[in-house]
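Participant: Use the sequences and the hints to build the structure in full.
Residue numbers (the working numbering), protein chains in the order written: chain A, 1 to 143; chain B, 1 to 143; chain C, 1 to 143; chain D, 1 to 143.
No wet-lab data here; the hints were simulated from the structure. Ideal Cβ positions, reconstructed from N, Cα and C, are used throughout, including at glycine. Treat each hint with caution, since some may be false.
[As the list claims (entries may be wrong)] Where chain A lies over chain C, by a calculated footprint (3+ residues, C-beta under 8 Å):
hint, stretch
1, 13-21
2, 31-37
3, 41-55
[Claimed, not checked] If you only want the chain C side, here are some residues facing chain B, beta carbon under 7 Å, derived:
hint, residue
4, S27
5, H64
6, V65
7, R66
8, T98
9, T101
Protein chains: 4
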Amino acid sequence: MRLPIPFPYELEVRYQETDQMGFVHHSVYLVYFEAARVALLRAMGKPYRELEREGVLLPLVESHVRYRRPAFFEDRLTVWTWVAELRPSSFRMGYRITRETEEIATGWTRHAALSPEGRVLRLRGALRELLERGVWHENLDNG
Amino acid sequence: MRLPIPFPYELEVRYQETDQMGFVHHSVYLVYFEAARVALLRAMGKPYRELEREGVLLPLVESHVRYRRPAFFEDRLTVWTWVAELRPSSFRMGYRITRETEEIATGWTRHAALSPEGRVLRLRGALRELLERGVWHENLDNG
Amino acid sequence: MRLPIPFPYELEVRYQETDQMGFVHHSVYLVYFEAARVALLRAMGKPYRELEREGVLLPLVESHVRYRRPAFFEDRLTVWTWVAELRPSSFRMGYRITRETEEIATGWTRHAALSPEGRVLRLRGALRELLERGVWHENLDNG
Amino acid sequence: MRLPIPFPYELEVRYQETDQMGFVHHSVYLVYFEAARVALLRAMGKPYRELEREGVLLPLVESHVRYRRPAFFEDRLTVWTWVAELRPSSFRMGYRITRETEEIATGWTRHAALSPEGRVLRLRGALRELLERGVWHENLDNG
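Facilitator: Next comes the structure, spelled out in structure tokens:
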């Protein structure tokens, strides 16, 4: 079965995620991106906690978010996720958050692959094949 | 030098900690309690990360909070902290949060002492002596 | 259609919700309780943001949690929720979090009903009828 | 008295801010940036909650972070903050987080100025003069 890429992940905004402006706090978008990334890895057959058990950590080395419209409590949002770039020892994930037909935010995160001891791992073999399944060549004006 | 008990810990409310009601979100009080508890342990000469390195984890087994007045963005709060009860293998910390002379919240947390493998540790020896330095017998109507 | 009470709300543990002990941080349980409470209100026909628009805020005045077993990243949890007590101007919600057949945590929150100006509202009329639909008389050893 | 720019803001990493990798979670850096930004505004004589009361909201429209080294529980960090760019109706803040002599992260946030009704405000008059006091022309490789 073919995995839809960008991969859609649905969530609902929690009360705790709002701030006194009445909007979802901007730091929460990185948490939404993370939840979507984890869902994509699982859909590709590799739960993230399994990856960690096998000795592969994927810490962020860079993040970027453009906030286009506020999101509100109880909004149902979709986070569309894909692999935007594969390098020898890092990769970039792309994200687009929508509420029905409106674009709420776009962004990306760059990740290194590390061993638990902090050694940089090359993206090859099974891990590279896994990530290749999520590649999509977006054309977003993403800053 | 004698440690003041209850021990005062000062903090300032962050924007991200507010919610759309305009109040500090109720879950954040447990984070404030934790920051104050960590400060008290350090003031008693035992940083919590040192405790963890020595193989002592202090997970919560129970928490209780009474929210008496809302707290607001940029409020300067004081968290007063003490050891409210010492049992053979658990202890209870007490907390009182004030803004100048107003009482914002009171509460307590009960902790077990565990090894990294999850084995229950008895509170004796150096750890018990440490906690005894923080004991105060409050008389709060604390639910 | 009869609403199942306790009402089940499903969620998945996010990476950001873990701490360096490898457990879900204890403050996050209050966020899980809140998400479940919001889902119950909506299932009863009254989204919480609609309530707020109608001028009813339901701030917490008290919370209590017993942490029985740690929860982990990617765990699928169910939060069972009900109205545990109805008083003239406050009510108590009960919660039980399970992972398959294991009990992870139990707890309760007490709420006041306030107008946006901070005036205490009596629980009567439509609001009381709404809450009555969620009443269940649990018999939990809940501290 | 001359305000030091970049403006130093000190904080200590909280336990709740760590994740199961043992690092400060990447979303928390945006919260640190925000706390430092608020401190800078106050040092310039304009607490952020006063700005909001006067009808000026400063929501983020874009954020960028480079994570250079992990930060750990109980670390004492300094967030260095400045105004990196002033445009007619948006501005960019710059940030650099250090632990003693080590660089932990760098980043920036772009903000619009909005009225509470969501109308875009021009940056002129008192607000522009305020921001001008924080300008520093950094030369960071900041992605």
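Participant: Counting residues of the stretch 13-21 of chain C that have a beta-carbon nearer than 8 Å to any beta-carbon of chain A, does the count reach 3?
Facilitator: With 3 residues in contact (Cβ-Cβ under 8 Å with chain A), the coverage given for the stretch 13-21 of chain C holds.
Participant: Does T98/C meet its interface restraint, that is, does its C-beta lie within less than 7 Å of any C-beta in chain B?
Facilitator: Nearest chain B Cβ about 18 Å off; hint violated.
Participant: Tell me if chain A covers the stretch 31-37 of chain C under the three-residue, 8 Å CB rule, please?
Facilitator: holds (count 3)
Participant: Regarding the hint that V65/C lies at the interface with chain B, is the smallest CB-CB distance below 7 Å?
Facilitator: 5 Å, holds
Participant: Tell me if the interface restraint on R66/C is satisfied: Cβ within less than 7 Å of some Cβ in chain B.
Facilitator: 5 Å, holds
Participant: Under 7 Å, Cβ to Cβ, is where S27/C needs to be relative to chain B, so tell me if that hint holds or is violated.
Facilitator: Result: holds, 4 Å to nearest chain B Cβ.
Participant: Less than 7 Å between beta-carbons is the criterion; does H64/C satisfy it with respect to chain B?
Facilitator: 5 Å, holds
Participant: Mind checking the CB of T101/C against every CB in chain B and telling me if the closest is under 7 Å?
Facilitator: 20 Å, violated
Participant: Are there three or more residues in the stretch 41-55 of chain C whose C-beta lies closer than 8 Å to some C-beta of chain A?
Facilitator: Satisfied; 4 residues make the cut.
In summary, the structure is inconsistent with hints 8 and 9 from the numbered list given earlier, while agreeing with the others.
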